[in-house]
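So the protein lines, in turn, are chains L and E.
Going by the numbering used here, the first sequence opens with residue 1, and the numbers climb by one from there.
Going by the numbering used here, the second sequence opens with residue 384, and the numbers climb by one from there.
Calculated from the structure, these hints are not laboratory results.
Some hints here could point you the wrong way.
[Claimed, not checked] Chain E stretches covered by chain L per the calculated footprint, using a threshold of three residues with CB under 8 angstroms from any CB of chain L:
id, region
1, 428–442
2, 466–475
3, 545–556
In this text, a Cβ means the ideal position worked out from N, Cα and C, and glycines have one as well.
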Amino acid sequence: MTDNQALVGEFFINGDVACAEGAISAGCRFFAGYPITPATEVAERMSLRLPQVDGTYIQMEDEIASICAVLGASWAGVKAMTSTSGPGFSLMTENIGLGVMLETPCVVVDIQRAGPSTGLPTLVGQQDMMQARWGSHGSYEIIALSPSSPQHMFDLTIEAFNLSEKYRVPVLIMSDEVVGHMSEKVVIPYVDPDSLVERRRPSVSPNEYLPYQASDNLVPPMAIAGEGYHFHVTGLTHDERGYPVMTADAQDKLIRRLVDKIRLNKNDIIKYREFQLEDADIVVCAYGITTRIAQFAVELARNDGIRAGLLQLITIWPFAEDRIKELSQQAKSFIVPEINAGQIVFEVERCAADRAKTVLVPCMGGSVHSPENILTAIREAVC
Amino acid sequence: MLITNTVVDDKSIEKYLRQDRLPHIWCPGCGIGPVMSCFLRAIDRAGLDADSICVVSGIGCSGRVAGYVKLDSFHTTHGRPIPFASGLKLANPKLNVTVFSGDGDLVAIGGNHLIHAARRNLDMTVICVNNFNYGMTGGQVGPTAPFDARTTTTPYGNFESPFNLPYLLAASGASYVARWTVLHLRQLEKAIAEALLKPGFSFIEAIGPCPVVYGRMNKEPEGLDSLRYYQEKSVIRNGADPKDAGIELNGPI
Chain L
1 MTDNQALVGE
11 FFINGDVACA
21 EGAISAGCRF
31 FAGYPITPAT
41 EVAERMSLRL
51 PQVDGTYIQM
61 EDEIASICAV
71 LGASWAGVKA
81 MTSTSGPGFS
91 LMTENIGLGV
101 MLETPCVVVD
111 IQRAGPSTGL
121 PTLVGQQDMM
131 QARWGSHGSY
141 EIIALSPSSP
151 QHMFDLTIEA
161 FNLSEKYRVP
171 VLIMSDEVVG
181 HMSEKVVIPY
191 VDPDSLVERR
201 RPSVSPNEYL
211 PYQASDNLVP
221 PMAIAGEGYH
231 FHVTGLTHDE
241 RGYPVMTADA
251 QDKLIRRLVD
261 KIRLNKNDII
271 KYREFQLEDA
281 DIVVCAYGIT
291 TRIAQFAVEL
301 ARNDGIRAGL
311 LQLITIWPFA
321 EDRIKELSQQ
331 AKSFIVPEIN
341 AGQIVFEVER
351 CAADRAKTVL
361 VPCMGGSVHS
371 PENILTAIRE
381 AVC
Chain E
384 MLITNTVVDD
394 KSIEKYLRQD
404 RLPHIWCPGC
414 GIGPVMSCFL
424 RAIDRAGLDA
434 DSICVVSGIG
444 CSGRVAGYVK
454 LDSFHTTHGR
464 PIPFASGLKL
474 ANPKLNVTVF
484 SGDGDLVAIG
494 GNHLIHAARR
504 NLDMTVICVN
514 NFNYGMTGGQ
524 VGPTAPFDAR
534 TTTTPYGNFE
544 SPFNLPYLLA
554 ASGASYVARW
564 TVLHLRQLEK
574 AIAEALLKPG
584 FSFIEAIGPC
594 PVVYGRMNKE
604 PEGLDSLRYY
614 QEKSVIRNGA
624 DPKDAGIELN
634 GPI
């Protein structure tokens, strides 16, 4: 490591640390956080690393303050991130909505544990997946990614920053305790700063600048504080000038754009990985840590001559509905293992409609699935 | 004392106002507008570059200030302007960051952020317009409402004790603490200018009437008389011990 640079090389680190290193490589230079198991190691790593790269770390008084400080830092022109787990994520949701409304690039990491409430602080869950989508009040679209290994944590943290800068929206990394705390080999490449996406800045003078005048891809160029643009932004419904307008027409125009900038660009945003899906009539649809067990179950099923395959959801929101609709033409059943009592399964069921059966393999949290859980569901789906 | 009815034609702050957003939403006799004017004049008095100034507000009547100033300005969520402002300042220390909000926003829902920002001695100025109640929602009891004050949610009188803000902020670690009423325009402007230039956390409490709701419910005088009432209640004491600055109903300010 040299001064003012990201790490490069091979490391044996956990997912939380890999996430922090991904952020540094992505150009993140501000982190505000609050200790919470199992996400604390992200904050600890950032408190160590940010001063080495001329960045700023601050531990705030709570998670509400953390997300607000991250939004403020982003408006000062610095890439910013916070990390937390379920209880802290609940506290952040109102101001994730502010981030959506002000169109503020930032990254929020949720290392999910089992809930509700304090639940199992040290043990795994995938129980905030719908909260990620719907947690803040109002109508909006958001981007959420789901990493399945420490390497994936590194890679997706860079992806999260790129997406948030491109679409001016908070991007959520919906990880989990096992991915966060598991140590594996992580390869950190040299990340060329020129390969990173940076928010588009105004090309007009302050007099001509309208903060929310959207361009071709529905994402307005973003001024930052201190450069003489004298802009105003508000969490109230606003017009292109950023001024509050309390009418149904202004609401309609604004919310349609905020929603459409994600929905109409979904093919650019959505990523998934396929394993042995070509001839599959049983599709296991999994995400996060559960993917790894699901893939093993698919391999076991293949050994038994069952035509099973895996669809790994990498982007959770916006949802990969087109691909699932396609697969529902060929598949007999979708098997959805989740470490919750059923969340993403409802999205899969919606997309599969009546064309294929959808089966939930729930795990209430505290442990991951066993391959046999999933294999049994695959076998039952064949019958 | 004599109060002139002459309207002062003050052009010096026009450049800092979003005139296309006027008229503002504040009620006749409200104290927020004068505090905003003092702040805008204080920018020039302090000799600051307007490009470097950020105004961050929360929610409520005073929270609307950010929308009227022609500066980089942020209207955030209820209680959260201070942590938002903390992010702005920490990410770019060259910015001059001022939080402008009300007593409910800064001291009740945002009270924890207020004391922690003071504890950190973050280099920012917080201007708190204290009108003793939640004006925008129609006059409910707030954390600074005096004991026994009538509000829509204390119809039998406030049975809680209020915060003494200078005392709270001094104890929390603020570098500069001041209180003025909105009729002490020159003193308030000077205090804000001093606060803007003072490194560290500065806190200014501006006591302002809310004649339409709080004032009416507590039988305060109306119009200019309400301003006179606040001024006459004032006791000016520089370097006072902040623990003596508590406010009682109809008591000295």
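Checked hints:
1. 428–442: holds (count 5)
2. 466–475: holds (count 10)
3. 545–556: violated (count 0)
Of the numbered hints listed earlier, the single one contradicted by the structure is hint 3.
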